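**Student:** Read off the chains here:
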Amino acid sequence: MSRVIGIDLGTTNSCVAIIEDGQPVVIPNTGGYKTTPSIFAVTEDGKRLVGHLAKRQAITNPKHTVHAVKRLVGRDFDSPEIQRVKEVVPYELVPGPNNDTRVQVAGRVYTAPEVSAIVLREMKRVVEEYLGETVQQAAITCPAYFNDAQRQTTRDSGKIAGLDVLRILNEPTAAALAYGYGRTETERIAVYDLGGGTFDISILQMGEGVIEVLATSGDTFLGGEDFDTNLMNYLLDLFEEKEGISLRTDTMARQRLRDAAEKAKCDLSQVSSTEINLPFIASDAEGNALHLSTLLTREKLEELTGDLVSRTRAICELALSDAKVTVDQVDHVILVGGQTRMPLVQSFVGEFFGKAPHKGVNPDEVVAVGAAIQASMLSEDTQGPLLVDVTPLSLGIATYGGQCARMIERNTTVPCARREIFTTTRENQSTVKIRVLQGESDQAGDNDLLGEFALTGIRPAPVGEPEIEVTFDIDANGIVSVSAKDLATNEEQSIQVNPRGTLSQEELEKIANDFGSDEIAVKA
Amino acid sequence: MDQAAEQSVEPGGSVDLPQRLCDEIKTFARRLPELTYHEVLGIERDAEADEVRRAFFERSKTFHPDRYFTKQLGAYEPLLHEIYKRVVAAHEVLRDEKLRKDYEATLRAEPSFRIGKPSKHLGLPGAESPPAPGPEQGTESDAPTTGAGRSLRSRQGLRNRHSVLVDLQARLEVSRRKARSHFLDAQREIEKEDFVRAASLVRLALAFDPREREYHEALADVVPRANADAAQAARDRGEMLLSREKHDEALGFLEEAFRLVPTDGGLAHTISRILLAKDEAERGLDFARLAVELDEKSAEYRKGLGMILADRGERAEARKELQRAWELDPMDKDVRKALSVL
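Chains as they are written, first to last, in this note's numbering: chain S, 308 to 831; chain F, 503 to 844.
Hints are not guaranteed to be accurate.
The list that follows gives simulated cross-link-like pairs (lysine-lysine, DSS-like), each with its CA atoms no further than 27 Å apart [what the hints assert, rightly or not]:
#	chain 1	residue 1	chain 2	residue 2
1	S	LYS370	S	LYS393
2	S	LYS740	F	LYS748
3	F	LYS600	S	LYS631
Derived by calculation from the structure, the hints in this document are not laboratory data. Keep in mind that this is a model prediction, so the values were computed, not measured.
Please work from the sequences and hints to get the whole structure.
**Tutor:** The structure is reproduced here in structure tokens:
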């Protein structure tokens, strides 16, 4: 049987790991780096680049260099989030036929899962080169707070990349698996995961060979990229104030500023001040070159990004309350994601949880390691740690007047089943429509529609008399089945809610088929 | 005997599990309907929180489906899932102090009562005793034991031993409490004049306790007011969705609005147009007729109906409608053209 791998498909960087002789190993890419930028580019002469090669040329080719595609995954083009992203990314976003968000690079439109697949294929290649054999089975991680469509889209990406996806695993859970690997203590931990694009917090109970997720919460639009954006906007303002020239529409200058912002942000995790020097960033009316040069202190950075850190507080509180755990009952806090290197983040976490964060794990690699552990647990006869996970978002059905009746609360252990009795809203109503919803709102319209079906043949009766039993069932893979039964007639209807990604089945197959020929282009 | 049982659960051929585990799963699944949550986890009634967790972990290690991810499970797969779902339900109740207390109280109330055994309680709806006193905040959403209703008919579910079953008596109590809690919520909504929400809450209360007169009276009072509000809300929402071109979703809301207050020709006309675009010609025609009936003076609705009829080859009737449309609006070139074609 071939080896199984764990892939952390990150917003900014991706990482891949395997279990070798019972030990997790993070596989370096050909350049010797253990993480690979999740960046894809097409050069002027049509060459496709992935990873470090793509990142290196981003400044000179910003329009055809796609970064942070994970932020587009499973989102409608006209959603406010995407419209905001559109403002800040230099590459072009276009709507797909299902209103999904796609990117246009060098005259070709790529779907979001396709770009993710290009990154996944690269990670697959990294392992195969290291092992000298092909690999197929993988566990891939995603933010805990991803919804069904985003998860399915991640699964689709794996499929396009030629992977057999054993499981889509939550990032903080993966981190906890890695942390708990080989530990025997019974303890409660919190995983604070502030990555490139998303924030997740999970509370877990571990010990006796089991890791149980108690609660998880998050924000899929809060991450290191937002820190970079805040800092970049500050630099743009600074330049405009000084020179009277706006660089906001100059994509190349913006890309240089973004890079400089990211680098300065990272530097300021080590030193208390750093210099930003961008010569020849623009020219004035007479054609004289203009430069941007400024000293940036850690204090200033913290002032610019403090509100982002504060946003994580309420989310942490929610997770603790869902887990029915107080701050004192948390034994350890684990930091995951590159952005947690920032001293401000660390001091916030220390202050909030009342204890210094655990230092033993590498925040960039720990998620991939956890994914590899889970993949190997699923595929082999190991008595490795068993993961007991929860469903991150509530599930329910639409009821009369556009309400949403919750059937399964968020943070319920899976697999699980719930049943409730519902009734009709009209005299002699013969059909009820069951719309399956995901989300936290009491208004049906604000939640995601996962699927719908009708129960027909209800015996004529006054309003409120028929009893319709609705059962929700989630299996270990997170697949939701819903059935409705008229208790008077025993008529039953059910559906398996096939998670829908943003691609139709036909399109997915077509892309997956075409993808093989793409790889030749990559290597050419 | 054993072999017969073996065959009855293993029609699916090869099973990739040790025999000992197969037997354990089979026995556990068979007993599942009659086990209390404590018995499901294998703990004493007075087990401490730590023991509950440890027992849950132990059961998880044996019965979590991920343990057998690559194995051929055959007919054992659904059994394993049912067992584990019950383990999860037991844990969710017993780990929570309040839920556990409520659950244990129902066990004490009727210690000998078990699902699956014939009992005359099953034959009675049990509405003689008054509903439980106060609303139990929280039980509604958290308790996995909720909501299987209070009726005789829930016996149907019992025959299926694979279902997640809970103590019937507990269900009854919880149902009544739920009903009362929904009803109190409904009264709060009535004070806020949100009749739609109030009506759906009273209906929910009735679904859980259909014998309570108070609920029926409240419903009769609130429904007409709710219908008017709901129709308007559904219509607003439908029109909003329509403006976003979400036709399918809009249709549901608009139809709902029309059902509630079936007097608006314009609405019928709009619904008809959406149905036609969806190729639901029959129903589209029905609504087009309704639109004309409700608003005889509208050239537009006549024209809509005429065009549909013409498409369907019902020329005589189509001509009649288009003729009337033309009389009402002689400037409409489309109508004139359609008439001349006919």
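**Student:** Now, for every hint given, state plainly whether the structure supports it.
**Tutor:** Cross-check of the supplied hints:
{"no.": "1", "hint": "S:LYS370 <-> S:LYS393", "verdict": "12 Å, holds"}
{"no.": "2", "hint": "S:LYS740 <-> F:LYS748", "verdict": "18 Å, holds"}
{"no.": "3", "hint": "F:LYS600 <-> S:LYS631", "verdict": "12 Å, holds"}
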